[in-house]
Amino acid sequence: MKIEHIIAVTALVLLTSLQTKAQKTLAEATKGKFLFGVAVNPQQVNGVNPVETELIAKEFSAIVPENCMKPQPIHPEENRYNWDDADKFVAFGEKNKQAVTGHCLMWHSQIGRWFFVDAEGKDVSPEVLKERMHQHISTVVGRYKGRIKGWDVVNEAFEDNGTYRNSKFYQILGKDFIKYAFQFAHEADPDAELYYNDYNVETPAKCDAIVELVKELKAAGCRIDAVGSQAHMHMNSPTLEAAEASFKKLKDAGVHILITEWDISILPSPYDGANIAANFKYSKEMDPYREAIPDSIQQKWNKRMLDMFGLFLKYDDVVDRVTVWGLSDNTTWLNNFPIRGRKDYPVLFDRNNQRKPVVDEMIKMAKKYKK
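Each residue of the sequence shown is one higher than the one before, counting from 1 in full-length UniProt numbering.
Keep in mind the hints are simulated off the structure, nothing from the lab. A virtual CB, placed ideally from N, CA and C, is assigned to each residue, including glycine. One or more of the hints may lead you astray.
[Unchecked claim] Ranges of calculated distance between the beta carbons of each label pair, as one might list FRET restraints: (1) Thr163 to Thr239: 19 to 29 Å; (2) Lys215 to Lys88: 30 to 40 Å; (3) Asp360 to Lys145: 31 to 41 Å; (4) Asn275 to Glu54: 32 to 42 Å; (5) Arg290 to Pro126: 48 to 58 Å; (6) Tyr164 to Ser237: 20 to 30 Å; (7) Glu28 to Ser237: 39 to 49 Å.
[To be verified] Cross-link-like lysine-lysine pairs, in silico, DSSO-like; alpha carbons within 27 Å at most: (8) Lys168 to Lys33; (9) Lys149 to Lys314; (10) Lys168 to Lys179; (11) Lys168 to Lys251; (12) Lys367 to Lys31; (13) Lys218 to Lys303.
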């Protein structure tokens, strides 16, 4: 390679680097309005893909772990904890001066069966389950006391119709398991914010049930700072009106709002929820954009993102954080949910870790937005 060519290539790399550094980020554009975060995995924290690691550090003001703090990964057996990934995750956020969220303390999914049964495989008593909850929460929250901004204390305790999910927690302890979880978390770190987190919060019956839960927790003297709306969305649902109606209800209930797992699937779907147990058979009709997305469809997706982002800005007095569930289309969970093997495009960076054009539009919107 000629020296002139080497110099030209080096100059191009430096110019690209300088342009990237000069770009505004959503974290910068939303400063003073709300935190802008992303869910991360251990490979990104550990620098296995340095490009992704750098993007997460530069583009976002908050992080949440995809899996490493859920009950099963962090506490697979009684009296045995796996701290390695969680420790590295928290240290990564501290190094990059990002707000760190713990996700999640109590969830009916991704939790060891041992949590609910005795040595003979029978359901434990309410007293035993309550003590196991206390031990788990106090140990996990206590380890990171003062280092975690807030915790998703309970995840997905309601069905879409507003009834309590018939989980093992509910079967053994009734709805009081939620109250106990919040009490134990507050005892373990009195300064940490505490959240309830769920999907399809835009569904009126579920939102009403969550509002009632907030009232009950407050009446019992529990701390609850915000409700997390996962915001796993589709091209046509939820409507902007339904999302805003849920915001109004939560605001009136006296809690703040977190958008905790935001993505918008561009694909047709047989299912509007986020229950990870859902699974449907693959078909080409449900995977129409393997080669490319038609421009008309891409423009509709862009508008959908901007409409929802505008709603978040409109309620920035109570929306404290907006978190995208995954950095890029390459690693999104929606490539496999609710139909395995599909090719989805639901987040803000493409499969080559490049910003999508809609990000610049969001940045402009955030910078210009005034109530």
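Here is what the structure says about each hint:
Distance hint check: the CB atoms of threonine 163 and threonine 239 are about 23 Å apart, consistent with the given range 19 to 29 Å. Range check, lysine 215 to lysine 88: Cβ separation about 38 Å, and the 30 to 40 Å hint holds. The hint said 31 to 41 Å for the Cβ distance between aspartate 360 and lysine 145, and at roughly 39 Å that hint holds. Between asparagine 275 and glutamate 54 the Cβ separation comes to about 34 Å, which falls inside the hinted range of 32 to 42 Å.
At roughly 50 Å, the beta-carbon separation of arginine 290 and proline 126 lies within the given 48 to 58 Å, and the hint holds. Distance hint check: the CB atoms of tyrosine 164 and serine 237 are about 24 Å apart, consistent with the given range 20 to 30 Å. One distance hint, 39 to 49 Å for the beta-carbon pair glutamate 28 and serine 237, is violated here, with the actual separation near 31 Å. Restraint check for lysine 168 and lysine 33: not satisfied, since their Cα atoms lie roughly 39 Å apart, outside the 27 Å limit.
Simply put, lysine 149 and lysine 314 have alpha-carbon atoms about 24 Å apart, close enough for the 27 Å limit, and the pair holds. A hinted pair counts as satisfied when its Cα atoms are at most 27 Å apart, and lysine 168 with lysine 179 qualifies at roughly 15 Å. Taking the CA atoms of lysine 168 and lysine 251, the gap is about 31 Å. The hint is violated against a cut of 27 Å. Distance hint between lysine 367 and lysine 31 is fulfilled; the C-alpha atoms sit about 9 Å from each other, no more than 27 Å.
Our distance criterion of 27 Å between C-alpha atoms is broken by lysine 218 and lysine 303, whose separation comes to about 38 Å.
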